[in-house]
Amino acid sequence: MGLLDFFRTTSPSANLAKERLRIIVQQERGSRGAPDYLPTLRRELLEVIRKYVNVDSEAVQVNYEREEGQEVLELSVALPVKAR
Amino acid sequence: MTEIIVVTSGKGGVGKTTTSASLACGLARTGKRVAVIDFDIGLRNLDLIMGCERRVVYDFVNVINGDCTLKQALIKDKRIDTLFVLAASQTRDKDALTAEGVRKVLDELIADGFDFILCDSPAGIEKGAHLAMYYADRAVVVVNPEVSSVRDSDRILGLLASKTERAEKGGTKVREHLLLTRYSPTRVAAGEMLSIADVKDILGLDVIGVIPESPQVLSASNAGTPVIMMDESDAAAAYGDAVARLLGDESLPMRFIDEPKKGFFARVFGG
Ligand SMILES: Nc1ncnc2c1ncn2[C@@H]1O[C@H](COP(=O)(O)OP(=O)(O)OP(=O)(O)O)[C@@H](O)[C@H]1O
Ligand SMILES: [Mg+2]
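Those sequence lines, one after another, are chains A and B. With the first letter of the first sequence counted as 1, position 3 gets the number 3 in our numbering; the numbers rise by one all the way through. With the first letter of the second sequence counted as 1, position 68 gets the number 68 in our numbering; the numbers rise by one all the way through.
So that you can see chain A by itself, here it is in the shape it has in the complex (with noise of 0.2 Å):
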């Protein structure tokens, strides 16, 4: 390292990319073949969970896995911080 790279302050961001496509790739190889309704009802139980808890898009997941011959739906909600 260069003594001029002792200055730059910006992290490196290739790690962040990994990251976040290590959780993409992952899910959207768990859902290939996944029935179609599953965004909609993503949507509608966002919509649901607000009617008590304002949550984040972000904090309803909803993942289809197919498991020798088995399917399961995994729906998983985070509740913000405050709220519990």
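None of these hints come from the bench; they were simulated from the model. Small disclaimer: the values here were computed from a predicted structure and weren't measured. Possibly wrong hints are sitting among the right ones.
Said to hold, decoys possible - Below, simulated BS3-like cross-link-like pairs (lysine-lysine); rule was C-alpha separation at most 30 Å, straight line:
id, chain 1, residue 1, chain 2, residue 2
1, B, Lys11, A, Lys18
2, B, Lys94, B, Lys76
3, B, Lys104, A, Lys18
4, B, Lys32, B, Lys173
5, B, Lys173, A, Lys18
6, B, Lys104, B, Lys71
7, B, Lys200, A, Lys18
8, B, Lys200, B, Lys163
9, B, Lys127, B, Lys104
10, B, Lys11, B, Lys127
11, B, Lys104, B, Lys94
12, B, Lys261, A, Lys18
Dock chain B with the ligands against the given chain A, drawing on the hints supplied.
Frame of chain A, contents of chain B with the ligands only:
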């Protein structure tokens, strides 16, 4: 035995046509008979990169429609005897390509004894891209070290595994290869760009070649010479290595993947 190889990516502008032209030249240089087909109907490009745009009389769709024979439409390369180009049509009719039509042309090329048929896919995942990959035996998935390109490559890998003839008939699957291009070792070293290892890791696939970002690619396209034919170009040498690996050489180390060595001055002051 003819091998049908699709060059595909999902995302546009990542280097499919550049790659198709160079791989076709590289394979043909070894004496193999090679036909390279532009599947980008409406937006033909391959003829320009190959430098044969003024010699296009008939195109892919003309052959499918029976307006001419395949022989009349194949353009023989002026540099390499065993290399032929089939240009895309400029028609705006999206339905000009059909699975039966494509099959017919491929069968004729196979009967003619071609060793390799390279299919230069259009961007996207619509009909043109689908037909370009449908009959493939192998796929070269072109990817840039950048999030949207990597994500699209993964979607294309999914389609190769489900929406090809091989996948549908349940035979041996399409052999997939990654080709990483526009790679900048300096930016990787600075942590600004995904590395080869990152991309391999995310996509779970080995790379068949790493092509550096190179100003020679533009000068090659200006001249209508596939970059692999440019002397003293890193990109040419890297494409040459990729061709050797496609032909089965597994021992070649990757080149041009390390940051160029800096002198003392640059090391002290950065650069
Ligand atoms: N290794 C490289 N270094 C520098 N520039 C490159 C490199 N590879 C490709 N390019 C440039 O990227 C651009 C797109 O290349 P190309 O036309 O081959 O992509 P494509 O994937 O075929 O695009 P499309 O999706 O439109 O068909 C061109 O301007 C080309 O010169
Ligand atoms: Mg192209």
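Hints, one by one, checked against the model:
no., hint, verdict
1, Lys11/B <-> Lys18/A, "holds, 18 Å"
2, Lys94/B <-> Lys76/B, "holds, 27 Å"
3, Lys104/B <-> Lys18/A, "violated, 43 Å"
4, Lys32/B <-> Lys173/B, "holds, 24 Å"
5, Lys173/B <-> Lys18/A, "holds, 28 Å"
6, Lys104/B <-> Lys71/B, "holds, 14 Å"
7, Lys200/B <-> Lys18/A, "holds, 11 Å"
8, Lys200/B <-> Lys163/B, "holds, 23 Å"
9, Lys127/B <-> Lys104/B, "holds, 17 Å"
10, Lys11/B <-> Lys127/B, "holds, 15 Å"
11, Lys104/B <-> Lys94/B, "holds, 18 Å"
12, Lys261/B <-> Lys18/A, "holds, 26 Å"
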